[in-house]
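Enquirer: Sequence:
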Amino acid sequence: MRFEKSDTLFSGIAKAYVEREAEVASLFSYDFQDERSFYRRVDHLDGNRNIPRQQVSQFLADFQKQLCQAVGLDPVKNAAVENALRLAESNSLAMVTGQQAGLFTGPLYTVYKAITCIAQARYWEERLNRPVIPIFWVASEDHDFEESSQVQVLRGEQLLRVTVTESPEEVRQAVGHRPLPEDLLAAVDEFLAAVADTTVREEWQPLLRDLPAKVTSLNGYFAAILHRLLGSYGLVVLDPLMPGLKALPESRDFFSLVMKKSAALSEGLAEGVTAVRGLGYTPQVEKKTTDAHMFYYRERERLALERLSEGFSLRGKKGIFSPDEIFQQIQEDPEAFSPSVVTRPLWQDCLLPTLAYIAGPGEIAYFASYKPVYEALGMEMPPIIPRLSATLVEGFIDRLLQKYDISSVQEIRQGLEERLNQLVAAQDELGIDTLFAELQAKVKLAYEPVLEKISRWDGTIGKAAEENLERVLGQVQFLQNKVHQRHRQRCQESRNHFDKVKKHLWPGGPQERVLNIFPYLFKYDYGIIGQLIELAANDLETHRVLYL
41 MRFEKSDTLF SGIAKAYVER EAEVASLFSY DFQDERSFYR RVDHLDGNRN IPRQQVSQFL
101 ADFQKQLCQA VGLDPVKNAA VENALRLAES NSLAMVTGQQ AGLFTGPLYT VYKAITCIAQ
161 ARYWEERLNR PVIPIFWVAS EDHDFEESSQ VQVLRGEQLL RVTVTESPEE VRQAVGHRPL
221 PEDLLAAVDE FLAAVADTTV REEWQPLLRD LPAKVTSLNG YFAAILHRLL GSYGLVVLDP
281 LMPGLKALPE SRDFFSLVMK KSAALSEGLA EGVTAVRGLG YTPQVEKKTT DAHMFYYRER
341 ERLALERLSE GFSLRGKKGI FSPDEIFQQI QEDPEAFSPS VVTRPLWQDC LLPTLAYIAG
401 PGEIAYFASY KPVYEALGME MPPIIPRLSA TLVEGFIDRL LQKYDISSVQ EIRQGLEERL
461 NQLVAAQDEL GIDTLFAELQ AKVKLAYEPV LEKISRWDGT IGKAAEENLE RVLGQVQFLQ
521 NKVHQRHRQR CQESRNHFDK VKKHLWPGGP QERVLNIFPY LFKYDYGIIG QLIELAANDL
581 ETHRVLYL
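The sequence shown begins at 41 in our numbering and counts up by one.
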C-alpha cells in the first residue's frame, strides 16, 4: 500500500481541533490524541450502571439479521450479528459514528466514518482487552431529504449527479418515515450505467436493483447497502426508529429529562456558543432560548417543541401541552418524540457505552458547543475522534501527477491555473508576448515622426493618422491573439490533463465530499476497504493520499 500524509483538509474550528490548538481543545472533555483520555473514559463508563446493554444488544442483533435477510447473507455467520450480541457483555464498549442516509452510501466521507469506526474499535479492543463494538447510527429522523436523495459519480470526465425525487407532501417528514421514491430503480440504472463494468459491479447490480422490494425507505436501503459493504468487518448498523428502542425506560427517562431541563440545556448551549464565538469562530448551531430540544411527530410531520411559561407548544401550530401532558405522552407513546441535533448524541450516550465518537469536521464544529450541554444533564462528552480524511488516486491520475510534478492535494486545492500558465509559457517557443511587444514598439517608433510632421501640417489629418496607428496596433494585437490561440490549441493536451486531475481529485471540492465509494470498489475490489481500514488506525489528524 502506497500512501502519503499531508496537512488536514478540515477548516475552521475543526482544523484547529485536529491540530490541538489549546483554546479549542479546552472546549472538549478529552484529548483524542492522548491515550490516557480513553482510560479515563473507561473508568467513567464503568461507573455508570444504567446503560441498557442487553436490551439494545438484542434490538441490534435482530436488526442486523433483518439486514442480512435483505441482502442475502447468512445471519448465523455474520460478524455484525456477532458484534451486536457481544454488546450485551457487561464490560462492552462502543465506538460510535453516524450520518444521515445517502443514496448508494452518498459521498466517500460517509464510508470513511464507518471505516474509521471499525479501525478504532479494533485498535481499542486490543489495547483494552475488552469488547469494543463499532456502531453506525443512521440519522433516520433527519428530514433533510436532499442529502439522502443524490450521489455524484464521474462518467468519463463529466460529473454526473444521480437523484431521486421528493414528494411535496413529504417535505416535513423524517427520511426514515418516507416511502421509497418511485424513481429509485431508474436512479439505480443511471448509476450503474455510469460506472465500470467489472466482476464486482456484476455482483452488486442485482442487489441494488432487488433491494427496493425488501425495504420500505431510503433509510432502510442505505442501511442494507452499508451492512452488505461493511457488515463482514463487524460494523453494527443502528436505526433509532428500530421498534422498541424509544420504549426502553432509559429512552423515556432521557426524553423526560430533556423536557424538564430544556431551559438548562438552552443555557448550556448558549454558553458553548459564546465560547466558540469568543475564539473567533462561527458556531455551527444556534437555537432560540425557548427551544425544548425535542421534536414531536404529528401526522408523520416532525415538529419542533418550544418551551412556554405554561408548558410546551409545537412550532407553527396552535395549542399548548402542559408539562404533565408531555410527561404522560412520553410514557404512553415515546415513539412520538425525537431528539434534536443537540440532544441526539446525548440520547445515544444514554443507550450505548460510548468509548468515543468518530466525527467529521461539521460534527466537530457542533460538539465544540456541546460540553456545557452535556454538563446540564450531568453527563460527560466522550472523546471526539476525527474521521479518516483521504483522497484516492488511481494509476492514470498518478502518472499525470508525476508528469507535471504536481506534488499534493493542497496544490490542487489552491488551483492549478498558475501551474498551467507556467507550463504553457514554458512551451512558448516563439516567445509570443516578447515578439509582439517588440513589434508594437517598432510600429510606434516608425509612426512617431510621421505623426509629428502630419499633425504640424494639418491637425485634422494628424488626428486621422493617430486613428490609423490605433487600427494598425489593433491588427497587431489581433495577430497576437491568433498566435496565442494556436499555441493554446497545441497545449490543449496539457490542459485536458490538468482538467482530468482536478475532476478526479478536487471535483469542485474535496474528493471525499463529492464522489462515491462504489466506482472505486468496482474497479479495485474489496482490497480497497482493507487498505482504508489500515489507514484509519492512526494519524487521523492528517489527510491521507492513497494510491490505488
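Treat the hints as calculated values from the structure; they're not laboratory data.
Mixed in with the good hints, there may be bad ones.
Lysine-lysine pairs mimicking BS3-like chemistry, simulated, CA-CA at most 27 angstroms apart [what the hints assert, rightly or not]:
1) K493 to K482
2) K117 to K105
3) K105 to K301
4) K563 to K543
5) K443 to K540
6) K482 to K45
7) K484 to K443
8) K411 to K328
9) K522 to K45
10) K358 to K301
Just so we're clear, the structure is a prediction, and the values are computed from it rather than from any experiment.
Enquirer: A separate judgement is required for each hint: does it hold in the structure or not?
Expert: Here is how each hint holds up against the structure:
1. Of the pairs offered as hints, the one joining K493 and K482 holds, with about 18 angstroms between alpha carbons and a cut-off of 27 angstroms not exceeded.
2. Pair hint K117 plus K105 holds up; C-alpha atoms about 10 angstroms apart against a cutoff of 27 angstroms.
3. Proposed proximity of K105 and K301 is contradicted: the alpha carbons are some 37 angstroms apart, above 27 angstroms.
4. The suggested pairing of K563 with K543 holds, with an alpha-carbon distance near 18 angstroms, which does not exceed 27 angstroms.
5. Between K443 and K540 the alpha-carbon distance is near 13 angstroms, which keeps this suggested pair within the 27 angstroms criterion.
6. Annotation: proposed proximity of K482 to K45 is violated, straight-line Cα distance about 54 angstroms (limit 27 angstroms).
7. Between K484 and K443 the CA atoms are separated by roughly 43 angstroms; this puts the pair beyond 27 angstroms, and the hint is violated.
8. Pair hint K411 plus K328 holds up; C-alpha atoms about 18 angstroms apart against a cutoff of 27 angstroms.
9. With a C-alpha separation of about 44 angstroms, the suggested pair K522 and K45 falls outside the 27 angstroms cut-off, and the hint is violated.
10. Taken as a hint, the K358 and K301 pair is honoured in the structure, with Cα atoms around 23 angstroms apart against an allowance of 27 angstroms.
When held up to the earlier numbered hints, the structure conflicts with 3, 6, 7 and 9 and fits the remainder.
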